[in-house]
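Asks: If you want the building blocks of each chain, they are given just below.
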Amino acid sequence: MLAAVDDLGALPSERDVDPWVASLRSVGPARDDRLRALHDLLVRVASRELSRRLSASYLGGQDRDDLAHEVAADAMVAILKKLPEFRGESRFTTWAYKFAVLEVSNKLGRSYWTWVGRTVALDTADWAQFEDRMALAPEKSAEARELADALRSAVGNLTPRQREVFVAIVVNGVPLDAMVAKLGTSRNALYKVVFDARRKIRAELVANGHLNPVDE
Amino acid sequence: MDERETLDRFLTTDPRDVGCDEAMAFLHVYAELAASGADAAERFPGMAAHLLACGPCGDDFQGLLDILTDPPEG
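Here the protein sequences line up with chains A and B, keeping their order. Using numbering that gives the first Met the number 0, read the first sequence as starting at 0 and increasing by one per residue. Using numbering that gives the first Met the number 0, read the second sequence as starting at 0 and increasing by one per residue.
FYI, nobody ran anything at the bench for these hints, they're computed from the structure. Any given hint could turn out to be false.
As the list claims (entries may be wrong) - Residues on chain A that point at chain B, a partial pick, calculated with CB under 10 Å:
(1) Arg47
(2) Arg51
(3) Leu79
(4) Met133
(5) Val169
(6) Leu175
(7) Lys181
(8) Ser185
(9) Arg186
(10) Asn211
Claimed, not checked - Covered stretches of chain A (in silico footprint by chain B; criterion: 3 or more residues with CB under 8 Å from a CB of chain B, positions within the stretch not fixed):
(11) 36-44
(12) 67-75
(13) 92-106
All residues carry an ideal CB built from backbone N, CA and C; glycine is no exception.
Could you put together the complete structure from these sequences and hints?
Replies: In C-alpha cells, the structure reads:
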C-alpha cells in the first residue's frame, strides 16, 4: 500500500496573492496580457523540457516546436481550470511550469507507440535484456541462474494484470507513461500495480530462501 | 554490488512512498524547496522515496528542478 499525503508533513504557509494570479483572476487587458505572457513562458519551458528528454535525432526541430506549442496550449487549459485551487504553496510560475512538465510526459507517453513502439511485443517477455540489466545473465554464475529462474517463477505467480504490467514496464522496458496511454489508465494506478508486484515477488523470493526478509 | 543485492534493491519497496498522484500534486512545492537548497528529502521523505523509485515522476522532478535553477527568460 502506498503512503498517504499526511506523511508529507506540514506544507509551507500560504503566501500573499501572486501578481500572476491576481491578473489571471481579473477581467480585461491586464488578464489578456498575462495570458499571452504565460503562454509564451510555457512554450519556452516545454521546448526546454522536450530538448532535455529527446535526442535531436528522435524529433526534428519543427516537430519539436509544434509539440512545444501543443504542450503549452494543453498546459494553459489545465492551469486555468485549476487556478481556483492554487493555494500559494509555491511561486505561481513554479506551479505553472509543473503543468508543462507533466504535459510533456503525457505527450511523450502517447507518442511512444507512434515513434518507437510499433515493434514492441507486449505478450512476450524479453528476459535476456532484463536479466542483463539486473546482472542476472545466466552465463554469469550458477547463483545468477538460480535467481533468474526464481524470479521468472515468481513473475509467473503474479495476477494476470500484475504480470502484464510488470512484463511490459519492468521486463521489456516500455515507458510507464506509454502504458498509461495504451491502457487508458493513470500513472498512479500502474505504478501501484508494479509496486505491489515488486512486493509480491520479493515475498516469494524470501519465502524460498533467495532473499533475506526486511523489517518494514 | 552482486546480482542478489541488485535484485533485492530493485524489489524492495519503501512504505513511505507516497505514489504518483501525491507526488504530482506536490511536485512544485518539493522542487521549489529543493531548488532553494533546503533538504527537501528530509522534510518530505515520502516524496523522496517515491521520486527515487518512480522513473517518470523522478524525471518530472528533474525537469522542473532544471527549469527552476535556470529559468527561461521572459
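Asks: Each hint needs a verdict: does it hold in this structure or not?
Replies: Consistency of the hints with the structure:
Hint status for Arg47 (chain A): holds, given a least beta-carbon distance of 6 Å to chain B, under 10 Å. The closest approach between the C-beta of Arg51 (chain A) and any C-beta of chain B is roughly 6 Å, which is under the 10 Å cut-off, so the hint is satisfied. Of the supplied interface hints, the one on Leu79 (chain A) is violated, with its beta-carbon coming no nearer than about 16 Å to a beta-carbon of chain B, more than 10 Å. Restraint check, Met133 (chain A) versus chain B: the minimum CB separation of about 5 Å is within 10 Å; hint holds.
Using the Cβ-Cβ criterion of 10 Å, the hint placing Val169 (chain A) at the interface with chain B is satisfied: the shortest such distance is roughly 8 Å. The interface hint given for Leu175 (chain A) holds, since its Cβ lies 5 Å from the closest Cβ of chain B, which is under the 10 Å cut-off. Interface hint status for Lys181 (chain A): violated, as the beta-carbon distance to the closest one in chain B is roughly 14 Å, over 10 Å. Hint status for Ser185 (chain A): holds, given a least beta-carbon distance of 7 Å to chain B, under 10 Å.
Using the Cβ-Cβ criterion of 10 Å, the hint placing Arg186 (chain A) at the interface with chain B is satisfied: the shortest such distance is roughly 4 Å. Annotation: interface hint on Asn211 (chain A) holds; nearest CB of chain B at approximately 8 Å, less than 10 Å. With a threshold of 8 Å between beta carbons, the proposed coverage of the segment 36-44 of chain A by chain B holds, since 5 of its residues qualify and at least three are required. Counting residues of the segment 67-75 of chain A whose CB lies closer than 8 Å to any CB of chain B gives 0, so the stated coverage by that chain is violated, three being the minimum.
With 9 residues bearing a CB less than 8 Å from a CB of chain B, the segment 92-106 of chain A meets the requirement of three and the coverage assertion stands.
Of the numbered hints stated above, those contradicted by the structure are hints 3, 7 and 12, listed in ascending order.
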